[in-house]
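Student: With chain V's structure known, arrange chains W and R on it following the hints.
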Amino acid sequence: MSTIATITTSFLPPFNGYAVLVAPALLILVAFFSLFADKLHVPDRAAAVVAAVVAAVGACWMALGADNVILFGYQLVYTGDARFAATAILVLACAWFVWTAAAGTGRTREATALAALSVSGAVLAVAALDLIVMLLALELTSMPAYVLIGYRRYRIQGLEGALKYFLLSVLTSLFMIYGASMLFGLAGSTHFAELRALTQSPLSLLAFVLLIIGLFAKLSAAPFHWWAPDAYAGSEPWTVSFAATVPKFAGILVIVRLIQLVSTGFSLAQSLLLIGAVASMVVGTFAALTQSDTRRLLAYSGVVNVGYILLVVAASAGPDGATYSTIALVSSVVYALAYTAATMGVLLVASGEGGRLSDLAGLSKRRPAAAWCLALFVLSLIGVPPLAGFFGKLELFMTAWAAGQQVFVVIATVVTVVSAFYYMRLIKAAFFDEPERQVAASEDSAEDTADVAPDVAADSAAPETPTPAPTSRVGVGVALGILLAVTLLLGVLSGPIITWLT
Amino acid sequence: MPTVGLTAVVLLAAALFAIGLYGAISNDSAIGILISLEIMAISITVNLMGFARFSSVAQANAWFFSVFLMVITAAEIGIGLALVVAVYRRARTSEVDDLSELKG
Amino acid sequence: MEHVAQNLNLWWVLLVPLLPAAAFVVLLPMSRRVRNACRFVPIAAMVVALGLSIAAAVQVYPGSHIGEPFWQVAWQLATLGGHAVTISFAVDSLAVLMLVMVCIVGICVQIFSLFYMKDDDRRGWFFCVMALFLAAMLGFVLSGSLLVEFALWEIMGVCSYLLIGFWYRDEAPRKASQKAFLVTRTGDVGFFVALAAIYAACGSFEFEHIFATVANWSPALLMVSSIGLIWAAIGKSAQIPLSAWLPDAMAGPTPGSALIHAATMVVAGVFMLTRMLPVLTLNPLAMQIILVVGIITALYGAILACFQTDLKKVLAFSTISQLGYMVAAIGVGSATAAVFHLTTHAFFKALLFLTAGIIIHATHTQDMRQMGGLARRMPITTVVWTIGAFSLAGVLPLSGFFSKDEIFTVIWHSGQYWAFAGAAAVGVLTSLYVVKTWFTVFFGNSCNVNAHEGTATELVPVSILAALTLVCGFLTIPLARFLGHEGEWPSLTMAATSTAVMLCGAALGYTIYARQRSTERLKQIFNVVVSAADARFYLDWVYDTFFIRPYFWLSEALWKLDAVIIDGAVNGVAWLYRGLTRLINLLDARIIDGAVNGAAWLYRALTRGAQWFDSTVIDGIVNGLGTLSRAIGAALRRVQTGHLQRYQRLIVGAAVVIVAVLVLVLRFL
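Residue numbers (my numbering), protein chains in the order written: chain V, 237 to 738; chain W, 46 to 149; chain R, 1026 to 1694.
Treat the hints with care, as some may be off.
Below, a list of computed lysine to aspartate or glutamate pairs in the DMTMM-like style, where the Cα atoms sit at most 25 Å apart [claimed, not checked]:
1. R:Lys-1338 to R:Asp-1195
2. R:Lys-1200 to R:Asp-1145
3. W:Lys-148 to V:Asp-529
4. R:Lys-1338 to R:Asp-1392
5. W:Lys-148 to R:Asp-1618
6. V:Lys-664 to V:Asp-529
FYI, nobody ran anything at the bench for these hints, they're computed from the structure.
Chain V on its own, in the form it takes in the complex (with noise of 0.2 Å):
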């Protein structure tokens, strides 16, 4: 890797330093041409397109360059893990936008530009080093989600998601300022290292339980998770595919990053993660049993998965984290990639057919490289090898066990057992169920693929339906393409990522 960062610096100077934003620059580019493509007169799927090649060559940017590129005094630093994290953002982005530009419905140019946006927020997030820095990244990047999840605005259900998502996320936000504030006023500095040297004492504790369960909420880690599930069951698969993915692995790498550097100075750090670890990994398992629709089963199955990264964070907040906090990192991070790649996955594949599980039915049928590619996707959910999600899991079970957490690596065991229950009826739906012999797909299908008018009345009953563009094949297998290689190398090139990593 290094041997390549010679050479590509030689050719282009300066590639440390600022460089190392072109690519959050160039997409907050994009944003903006997507939002004007009206007036360029771009078709509107273009924006899309543009999109995901800036994306993918914000991802190679990203994984060429070199290590350790501190900035604005340390206040951005892109080591080894924030740079894998933004180009594997990089890289799940430029999957969606491929795949909004093959088989976007409707309007998809402000999709874009939000996703762009969220995307160049995710991008800063996981090098941030400073509580403010943090906070805006953060921002930047779950703010245009919620816009995302109420995205078909004629649709109640999707502005109730929406709005729910808001507020709770607003709230949690600013539980979490208000802790970094105090936190700010103790430390005379917002800085993660000054953060760490911080005398304990009840305010800072308290302060610092803020800061994590404004986190919590970000990630719908239990108890802070119920604004997922109504958010998520509430829009179109294919904006949920961004919405849960895109955010969450940000927020996943800031919570690493956050403990890894500043949990010495809070003694709570470790209770308080594995609080959160055992509850999500319950509630959202149980929660997920009985769901009928795949999105809020995923919502759930993210609540867990999130479970497990905590666990395994928890590992590295302990009296002796230091030990555990490289390997800590290494298998979060990974984890994190598997299972993001994966959910987006399957809401991509379900986004051409509906959010229930009951429209997944006869998919084997009529698209049966959909269907293959979904069930892989689940079995890497499940945790199967050689797929990334075993790997993942087990590299987690395995740190995590030897930090001394054998009772939370036992519990996770079952909930992962009795995970493959829910996981497996997406498959069960896709290969081994009749579809209903209507015609006309659920409800949720025809207004998803209804384009809507941009400035109808309110009152508007039915939407004009102008002819949707034609679905381009390609690209949507580009795009699960993409997602599969992920999900399927991930394990394989376990061994360099992890040199990279570290």
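Tutor: This is chains W and R only, laid out in the frame that chain V set:
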């Protein structure tokens, strides 16, 4: 009564935060919740200014923190109100209790 | 003269203003109906306050110098730039005297209002505002610092505005209250400037501190603060040139006028000057100005009172004139004379106003030309009015005689003989208009056949005041001693002079009016004077042309703002209070209801859980596991109710629980 010091400002901020929190969880209307969230944001700004004035933090940090906080809050309120308007247009209500179709 | 040891604990004297304040707060948020029913609350508060005031008087007997408090208290609010900002109250003999006086007059007026306002829809509000006013006035006399005085001064101004404009649906009261507020506001600018100057001079608003350091102030600051205070007193006590508001203020209900514009609020300016005498006496120019203003105002008021046809306007101008007397007494440095006249004036002027209320109520007119021969029909009223009016004129042995004489004495002793001449002229004019009014209203041809005597509720208070007017004069010496000076009876010469002056005016009055000779010829002779007097010596015209017109639109806008803000603020406070009460009730209901429902739900859930567990054990472990998972899942799904507020409360609750667990179970804090 001692001079107005850090404790007083922090307590004021905490009180405002609590008031905003109470409003956020007890309000029926989405606008009311937004207002309460705004109050919470203001309380954080007060907190920061208290630290800036009375304790030995880097002043520039505090100012920038609060300015960025205002930016974040402004953006959130913009999104929030847009969502409320959209909800109102579709459902003719802005009471959050009326929006409970999604559950489970 | 021995001083009482100053180690009395008189904290309970603070209850005197607090009780009517509490009455105000209690009445404020009530609905109109309830408030009307509760209008006895302020009266009860005032009765208790009177008791406490009298007890205070007994405690501090035999009094001490003005400005030497028996007890004081100060609360430090904050420290601004090194100096402490405090709220302080001090009880000295002057304050105690004023407390007693205000309480007596206040109670009499309130009892009178019970009858007078009994048909008014908003009578409860009247009592409410009066309670606030009394609280402010009582607090005002107890203030130990200029800042507290200023605050309560402003509150009194607001109450005056509310009471003058009580019948705001008519135009005259609205305009009058606006005028009163604006004119006194102009005076308040002076107060503000004085406050700033005093703070710059000595860094504190406390009277003790001010008096201790005043000798070292720079002359410029001394002058600025003196002028500022004088200007403020001019505004509040309706002296020239800011006296225009007082006659118009008669548009308010008569009991309000009796309390505010005769006895209490208008004397706030005089009182403040009395308190600040140690500062003012160091400034001879300021004292001279005060004297000049006082005499000129007294003349102005007396002259115009002679030309009025409206009964209440006579009293209004008479008040202006008597206030001029008090201010003049301050101007020659005698606080005792001013305070004595202030006290007696309070009693007999309030008496006159209330009696005027009885008369107006009985004859349904305020125009004296439509009254006449009331002596036959309203004997008690006549007697009572006579007592008050003759006291005003200065007839032996009523109290007005003694207090006026004391003022004459101190003016004479000051050597400013021109002022004495002016005061004497005022005396003539005073008895002139007193006699004119007396004859016009009570004697002569009877114009009103339906005039009836007042009811008991009306007559009892006025009788009390009349009795006090009779008696008060003999308290000259004790009162002076109470205020720390050796008092003396008026010398024979002075008594003779003042009686002569009084008789002169009375004779003139009798000649002109008793036989109801037409005054037309007189008016033709003194045409210029009459028309000038009709126009109130063009004072109003000056205002109108040079101040009002240019700001006409501004004042309209200000009025609109005032009505909205002040009414709105008062209503808003009431609304807020009501809303808060409702909120607390709601919270209560929710908590109690929620607890009950929660307990019921818990019981039901427990029962259900027990039943289910039974059937599972029987069915078998493997199946049981699946059912277990699904059931837990279903229960967990039920938590996700779909209601946003439930989620938010769960978040907050979870946060609290987590913190509790971390703190209590895991012992992290």
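Student: Is Lys-148 (chain W) close enough to Asp-1618 (chain R), meaning Cα to Cα at most 25 Å?
Tutor: Holds, because 24 Å separates the two Cα atoms, which is no more than 25 Å.
Student: Between Lys-148 (chain W) and Asp-529 (chain V), is the straight-line Cα distance small enough, at 25 Å or below?
Tutor: OK: Lys-148 (chain W) and Asp-529 (chain V) at ~11 Å, within 25 Å.
Student: For the pair we were handed, Lys-1200 (chain R) and Asp-1145 (chain R), check the Cα-Cα distance against 25 Å.
Tutor: Holds - the C-alpha atoms of Asp-1145 (chain R) and Lys-1200 (chain R) are around 21 Å apart, at most 25 Å.
Student: Verify the proposed pairing of Lys-1338 (chain R) with Asp-1392 (chain R), using a straight-line Cα cut of 25 Å.
Tutor: holds, 10 Å
Student: Between the alpha carbons of Lys-1338 (chain R) and Asp-1195 (chain R), is the straight-line distance 25 Å or under?
Tutor: holds, 18 Å
Student: Below or equal to 25 Å on CA atoms is what counts here, so check Lys-664 (chain V) against Asp-529 (chain V).
Tutor: holds, 14 Å
Hint check: no violations occur; every hint is consistent with the structure.
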